[in-house]
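If you read the protein sequences in the order shown, they are chains A and B. If you read the first sequence in our numbering, its first letter stands for residue 1, the second for the next number, and so on. If you read the second sequence in our numbering, its first letter stands for residue 1, the second for the next number, and so on.
Some hints could be false.
[Claimed, not checked] In silico DSSO-like pairs for lysine-lysine, Cα to Cα no more than 27 Å straight-line:
1) B/Lys94 x B/Lys45
2) A/Lys28 x B/Lys94
3) A/Lys28 x B/Lys11
4) B/Lys60 x A/Lys28
5) B/Lys60 x B/Lys147
6) A/Lys5 x B/Lys94
7) B/Lys92 x A/Lys28
8) A/Lys13 x B/Lys69
9) B/Lys45 x A/Lys28
10) B/Lys94 x B/Lys179
11) B/Lys45 x B/Lys11
12) B/Lys125 x B/Lys92
13) B/Lys147 x B/Lys171
14) B/Lys45 x B/Lys60
15) B/Lys11 x B/Lys23
16) B/Lys45 x B/Lys92
17) A/Lys28 x B/Lys16
18) A/Lys5 x B/Lys171
19) B/Lys168 x A/Lys5
20) B/Lys179 x A/Lys13
21) A/Lys13 x B/Lys12
22) B/Lys69 x B/Lys176
23) A/Lys13 x B/Lys163
24) B/Lys168 x A/Lys28
25) B/Lys147 x A/Lys13
26) A/Lys13 x B/Lys125
27) B/Lys176 x A/Lys5
28) A/Lys13 x B/Lys168
29) B/Lys168 x B/Lys94
30) B/Lys147 x A/Lys5
31) B/Lys16 x A/Lys5
32) A/Lys5 x B/Lys45
33) A/Lys28 x B/Lys23
34) B/Lys171 x A/Lys13
35) B/Lys45 x B/Lys179
36) A/Lys5 x B/Lys163
No wet-lab data here; the hints were simulated from the structure.
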Amino acid sequence: MAPIKFEENLREKLQERELQPRSEAWDKLAARLDQQMPQRKKNPFLWMAMAASFVGIILITSLLVQSDRGTSEIVIEDTLKNGLNQDFVQKEKTKGGGTIASEVKIEQNSIEKETPPSDVVLIAKEEKAKPGQAVKMNPKLITNEGTITGDEVAISAMEETARTEPLQSELGNTFIDKKVGEVVAEVQQMQERNKAVTLYEIDVLLAKAQRDITNQRILSSSAQKIDAKALLQDVEMELEQGFREKVFQALGKEFNRIRTAVSERNN
Amino acid sequence: MRIVSLHKNYKKSIAKAIQGDRKAQFELYELFAPRMLSVCRQYMKSDELAEEVMLNGFLKVFLNLSAFKFEGSFEGWVRRIMVNESISELRKAKNLIFEEEHTLDSTLDFSSYIDTMLEVTEIQKWIDGLPDGYKTVFVLYAVEGYKHSEIAELLQISESTSKSQLFKARKMLQGKINKENNTHYGTH
Chain A
1 MAPIKFEENL REKLQERELQ PRSEAWDKLA ARLDQQMPQR KKNPFLWMAM AASFVGIILI
61 TSLLVQSDRG TSEIVIEDTL KNGLNQDFVQ KEKTKGGGTI ASEVKIEQNS IEKETPPSDV
121 VLIAKEEKAK PGQAVKMNPK LITNEGTITG DEVAISAMEE TARTEPLQSE LGNTFIDKKV
181 GEVVAEVQQM QERNKAVTLY EIDVLLAKAQ RDITNQRILS SSAQKIDAKA LLQDVEMELE
241 QGFREKVFQA LGKEFNRIRT AVSERNN
Chain B
1 MRIVSLHKNY KKSIAKAIQG DRKAQFELYE LFAPRMLSVC RQYMKSDELA EEVMLNGFLK
61 VFLNLSAFKF EGSFEGWVRR IMVNESISEL RKAKNLIFEE EHTLDSTLDF SSYIDTMLEV
121 TEIQKWIDGL PDGYKTVFVL YAVEGYKHSE IAELLQISES TSKSQLFKAR KMLQGKINKE
181 NNTHYGTH
């Protein structure tokens with residue numbers, strides 16, 4: 001065997017050597033480290049802050065999502081309100097020369113752009129009365145189609161309803177005709193009883209018939225689906241009914257007052 | 001020289017240990033303690049003393065860990081701390097006595113040969129038999145690879161004293177080797 005240099009052998013052996021310390025050696029070192037180098041403690045508040053931030057982000061996100069939904073709901077309500085654009089104009093009565101005129105104009109616009117606007121103009125117009133001449137109360141219903149009178153009011157209103165409602169084909173004309181007939185019959189009965197049929201009463205009959213037609217249309221829907229247009233029109237009618245009732249009540253009072261005043265003057 | 005394989009979280013452990021993470025400090029301790037205990041044992045006469053010096057050395061390592069700039073070997077940096085700590089311990093015990101030798105035969109070249117590989121325990125036993133002064137210089141020069149100028153600065157002695165201490169250490173060791181060889185071959 002070749003001679004081995006002592007120092008080279010010694011260097012190799014000592015550099016490669018590993019001695020295992022006792023198990024308690026680390027404990028002694030850790031104790032010294034605790035004295036001179038405090039251990040970094042995990043900050044529980046850091047984790048709590050992170051958790052709170054995460055929860056806050058979730059809450060803010062959910063609130064933003066809900067506010068977006070609320071915004072869309074508000075838009076729909078505003079659309080409904082704007083659709084019922086009602087312009088009430090009352091001209092001042094003028095006295096003098098036996099002429100009293102009052103004009104009330106009511107316009108109603110449909111809330112749906114798809115359906116043609118149905119402008120119904122109801123005018124209660126006092127004809128010019130000469131002394132001694134009885135006042136003829138001739139209520140007229142003026143629409144875009146022209147001026148129609150008396151019994152034609154019911155028919156034109158029903159036709160207009162049928163024209164503006166796209167689902168009339170499903171319902172068929174029989175039910176509409178039936179309703180028209182009912183309204184006409186009711187008006188005739190009222191006339192036979194020698195009762196003056198006011199515009200208000202006619203309008204009430206028309207509104208009731210319209211409501212029945214709308215309900216029938218919804219119920220008879222073969223697809224068993226809720227028609228948004230029908231619902232919206234139903235809502236419109238209900239809102240319209242309230243306002244119209246008030247308007248016609250006011251009209252009725254004023255009309256009666258004017259008629260009484262004219263009669264007394266002529267007498 | 002077997003290089004301690006770098007742990008995959010080596011640098012992360014150092015970074016955490018600097019922050020006082022006890023778990024990271026233990027990981028570094030566990031990785032280097034066996035090698036460092038061996039270093040300290042080269043200078044100290046017993047395992048218990050070597051362990052104590054090692055723990056002191058690790059304490060200084062963790063307290064000054066931020067001073068390590070990753071510019072060289074971390075093991076080498078720790079090893080130097082262990083050597084310094086060992087020398088400080090010997091200095092405290094006042095065992096480091098260096099006799100100044102003014103006349104030194106610089107032509108004497110130590111080249112002792114042995115026939116068989118020595119066991120490390122036997123080598124340690126021979127080194128333990130040397131005086132602390134001789135042993136320290138011999139270990140620094142022959143095992144750690146320090147130059148005499150570095151040894152002189154480290155031990156605060158002259159280079160000539162370092163050389164004479166090394167000479168005497170070798171002389172003593174050679175006597176032991178010759179005795180070992182004579183015993184092996186049964187010359188006496």
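Hints that the structure is at odds with (numbers, increasing): 6, 8, 10, 11, 21, 22, 24, 31
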